[in-house]
Amino acid sequence: MHPRTRAGRRRIAALLPLVALLAAAGCGGATVNAGGSSSSSSTAATVGGSTGAGAATGSSTAAGAATAGTTPGTATASGTAAGSGGSAAASPTASTGSGGAGSASMLPVTGSCAPFALAMNDWVGYTADAAVLTYVAEKNLNCKVNQKALKEEIAWQGFSSGQVDVILENWGHADLVAKYIDQQKVAEDAGPTGNLGQIGWYVPPWLAKKYPDITDYKNLNKYADMFKTSESGGQGQLLDGDPSFVTNDEALVKNLKLNYKVVYAGSEAALIQAFRNAEQNKTPVIGYFYSPQWFLSEVPLVKVALPPYTDGCDSDPATIACDYPDYTLNKIISKRFADSGSAAVNLVRNFRWTNADQDLVARYITADKMSPEDAAAKWVQANPDKVAAWLGK
Amino acid sequence: MTAPAQAAQVGELPATTAAVARDRTRRRRLPAAGTTLLALLALWLLARLLLGGRWTLPLAAADLTPLQLRLNDLNDWVSGHRNTSPLFLYFFNEIRLAVDTVGTAFTQVLSRTDVGLGIPEIGWLGTTVLVTALAYAVGNVRVAVLTLAVFCCFVLQGLWADAMDTFALVLASVLFALAIGLPLGIWSGTSRRVHRILTPVLDFMQILPSFAYLAPLVLIFLIGPASAIIATVVFAAPPVIRLTAHGLQQVPAVTREAADSLGVTGWQRLRTVLLPMARRTVVIGINQTFMAALSMVTIASLIGAPGLGLTVAQALQSLDVGTAFNAGVAIVLMAIAFDRVATAAGERTETALRSGRSRRRARRIAVAAALLVAVLAVYLSRTYLWAAEPPTGWPDLGRLLTDVGDTVSGWLQAHLSTVTGGLKDAVTYGVLNPLEALLTGSPFWVTGIVVTVVAWLAGRWRTALTAVLCLAAIVWLGVWQDAMATLAATLLATVAVVVLGVVVGVWMGRSRMADRIIRPVLDAAQTMPAFVYLVPFLALFDASRFTAIVAAVVYAAPAAIKIVADGIAQVPAATVEAATAFGSTRWQVVTRVQLPMSARSLALATNQGLIYALSMVVIGGMVGAGALGYDVVAGLSQDQLFGKGLAAGLTLVALGIVLDRITQAAAGRSGRRPGAARPRARSTAPALPAAGG
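Protein chains in written order, with full-length UniProt numbering: chain A, 1 to 393; chain B, 1 to 693.
Just so you know, these hints were derived from the structure itself, not from any lab.
Since this is a predicted model, take the numbers as computed values, not measurements.
It is possible that some hints are incorrect.
To be verified - With the C-beta cut set under 7 angstroms, the calculated list includes, among others, these residues of chain A facing chain B:
| id | residue |
| --- | --- |
| 1 | Ala149 |
| 2 | Gln163 |
| 3 | Gly172 |
| 4 | Asp175 |
As the list claims (entries may be wrong) - Okay, the calculated bits of chain A under chain B, using three or more residues with CB under 8 angstroms as the criterion:
| id | segment |
| --- | --- |
| 5 | 114-128 |
| 6 | 220-229 |
As the list claims (entries may be wrong) - With beta-carbon atoms standing in for the labels, derived distance ranges:
| id | chain 1 | residue 1 | chain 2 | residue 2 | range |
| --- | --- | --- | --- | --- | --- |
| 7 | B | Glu347 | A | Ser371 | 39 to 49 angstroms |
| 8 | B | Asn433 | A | Ala174 | 34 to 44 angstroms |
| 9 | A | Asp175 | B | Leu97 | 23 to 33 angstroms |
| 10 | A | Pro308 | B | Thr392 | 32 to 42 angstroms |
| 11 | A | Lys369 | B | Val521 | 20 to 30 angstroms |
| 12 | B | Arg271 | A | Asp339 | 57 to 67 angstroms |
Just so it is clear, CB atoms sit at the ideal spot from N, CA and C, and this is done for glycine as well.
Throw the hints in and build the complete structure from the sequences for me.
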């Protein structure tokens, strides 16, 4: 896929014996550990017990949200009996999403690694996730990762055709979850990535500084004239339309009685460029945006407060008058992959980091123009404890 | 990228007398048509004023009509039947297997294998020398040197691996396109009925944006080379089919009859008379097919195809203009190399017949020697690592190009964005908004009547009937208002294209020097993926319909300019001299002699301008044009909008067919010579739309 692959693989080949040795040693440890820590959860299978940041507790269920299977609807207990130690890795059902990312209990990463296909959706944050996961999988587990550049919908289709094993950053997609996880049962939730996705209306920082009250939707009508453009037909322009994101904005504008017209920019690049122009030339613009997004580290856009989200307030598309919900970004893996017993399965389940982590790697790629591989290497070297935790050590 | 129009021009130099006669008839008819059109416009405006806002058939961005909802189920239907229906088991799956095998073979030979170090069957040195030798064998020394330079350039740019991925994909696609296209083209060129059936099918293949059907396509053919190749072939095969058919139809009836009188069989006639005489046009068709395939690489990157297209698409994520530019240049270079080689090959077949025996023998020896060297290079690249992998110590041209791209784009944004904003507003408020208001605000049936009358004026009943059917289809598909908004922007873009076409085309047609300098720029504008220049355009004009129009003009103008330039250049020099001798000023020569005598080229340029602009609608949707373009883009990105995206794509086809038939008919009218009924050949349909890159 990239110029990377060839050179990288050769390096790996050279390191192969060493890595294999280390992996074996590490896995052995993890296996023992897992065996020792019997779980209080009701699941039949043993729960992986080794903890990340030195908190040597056996009660993995209480430890936090990092384990796979926190989200409702996950197929649980997918007994991946790794031949080596006979320890079955499972997704504990009882763990709750308490949100703490500090000491997280991780599943044991054991066994050998079969090649797997990783979908590469087309945004930089995703590339950051994928680059780091690929780096760790290839370096530490000696996996072969087939990165496949795909649009989101097509990546999901890949679950049913058996051509995609992992999607690393999924934004909701209730319709696809229903189709591929609930109906076709070809995929399953592999837990959150630790990133929290936020969607909303944003203004460039200079505008928020100059008009502090602009960040409340109630005052937007006051400024509607300022946001008029050649596209908005006399009303204020609300710039929308990254086509990959669901938007309620037309309904919101109507139901909040705002004198704005939704204009569809049509691509993420168009949205980013609009905000960049606005900050550079000190021109007004208001539009739909989201975090985590690498651009926010270049221009820290300011979020406009909409009526707060409450459960179910967005159930009827026509009457929506509330903010977007926060998205717990999660990983999706194919059923086939989940049942394969590959060491990479639990690595993917364990993979978890913060918005700051992702932003940093995304920044290496966009601002510092590093290749995703180099960016991943740099981050991994700086965060050995997080990586060790993913590896179940 | 010899303009497709050249084909249309071949063998029909307008005789002076005919042109003068035509000029006279034209002048007599024009006022009548002109008044009708004016009256029509007045009535339309009146209707808009009186009935404005009623029967406009709007549809909100998130809404779907029942028909579109039903189209939504297409994906489910496909995935439900994939493993059970015999259609899939014995037809689609077999096709997929065959195409996959060939595609993988090309990739393994040129770009990568799955074993060991992943080194391809033919490494760097082998590929470079082999393509150079082949360029020499089919062309001449000049194009061989060009090919060598281009392939070395990929190394200098640091894009060798990506370029080979793209090269393998494009070669495999072109192979399939030719395997299907040449026989179909020949059939269509020899049978009127086949031609008539095939034409709308080809329209479909070329105008329906691949974004609209990518999802089901990938469900059928899965993620992998097969889907990428098939999507490319659907788009790239039509030019070679159309131009092959056109080349055969262009062979003068006299020649056919002469051959028949010698008692040849149908097959003999085809092989010895028709095909040799059509060869030049066929080569142009092959050329256009290659260009079309190359313009699909960014789309193929959405469904897992590696290569230059992916580099461009990924660079767009971080708005990295420099990197995208570097990869874009590589695509342009590949296009130019292939174009020049194919053109040289087409010309050589003609000169070879004329050259003497001894020269032919000398050349044969040289070609053999070149191929021998190539075999040696292939051997080396399979044996030694230094020959298999591109050299690493070469100067970094990629860095330089990246910096150039960044600098230019940065400068434009810093210094021009204040001026350009004013331009955008002036055009939008002055022209686009009123035009769009007229089209989207009128009752659908009023606009429908107007379009039908225009169609009748251009081509009488047949064209009018086509118009009615297509308009009905648009209403049925449920995106009428979006279609009208898109139509407004497309019409405006076309006007700009035609103006540019005339101004630059006349300049190029009159000056060999200008032609030589401008033509490569036009080639680059046509093959450079739009993703490369979208970011600076967005910086200059914001996300707006105007940005979309500018992008469409950049892409469509080169074709129109080339057509006009060729038309002007083909006005006989004697006529121009005569006019000058009579004391005409340069202005008079242009307006009274050269332009009227290339009226057919002008009409053709308009037609091509429209079709090319229409093929940029999807790209326009990504930079703020909204309407149909956005519908299609969103349809690919959101499962629940798929049906609407497909409906919007089909609407584009209907719109394209209406516009094409009207302008074709008008072109036929203005180009028709009294007394000489020419077969109505449709050669110059969109030969190169980018469809998304």
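Okay, the hints, checked on the actual structure:
With a cut of 7 angstroms, the hint placing Ala149 of chain A at the interface with chain B holds, because the nearest CB-to-CB distance is about 5 angstroms. Taking 7 angstroms as the C-beta contact cut-off toward chain B, the hint placing Gln163 of chain A at the interface holds, the least distance being around 5 angstroms. Hint status for Gly172 of chain A relative to chain B: violated, with the closest Cβ pair at about 12 angstroms, above 7 angstroms. Among the interface hints, the one on Asp175 of chain A holds; its C-beta lies about 5 angstroms from the nearest C-beta in chain B, closer than the 7 angstroms criterion.
Residue count for the segment 114-128 of chain A with a Cβ under 8 angstroms from a Cβ of chain B: 4. That meets the three needed, and the coverage hint holds. By the rule of at least three residues with a Cβ nearer than 8 angstroms to a Cβ of chain B, the coverage given for the segment 220-229 of chain A is violated, with 1 such residues. Between Glu347 of chain B and Ser371 of chain A the CB atoms are about 44 angstroms apart, so this pair conforms to the stated range of 39 to 49 angstroms. Taken as a hint, the range 34 to 44 angstroms holds for the pair Asn433 of chain B and Ala174 of chain A, whose Cβ atoms sit roughly 38 angstroms apart.
For the pair Asp175 of chain A and Leu97 of chain B, the supplied restraint of 23 to 33 angstroms holds, since their beta-carbon distance comes to about 32 angstroms. Between Pro308 of chain A and Thr392 of chain B, the C-beta spacing of about 57 angstroms breaks the proposed range 32 to 42 angstroms. Against the hinted window of 20 to 30 angstroms, the Cβ-Cβ separation of Lys369 of chain A and Val521 of chain B comes to about 29 angstroms, which satisfies the hint. The beta-carbon spacing between Arg271 of chain B and Asp339 of chain A, approximately 60 angstroms, falls within the hinted interval of 57 to 67 angstroms.
The structure shown violates the earlier hints numbered 3, 6 and 10.
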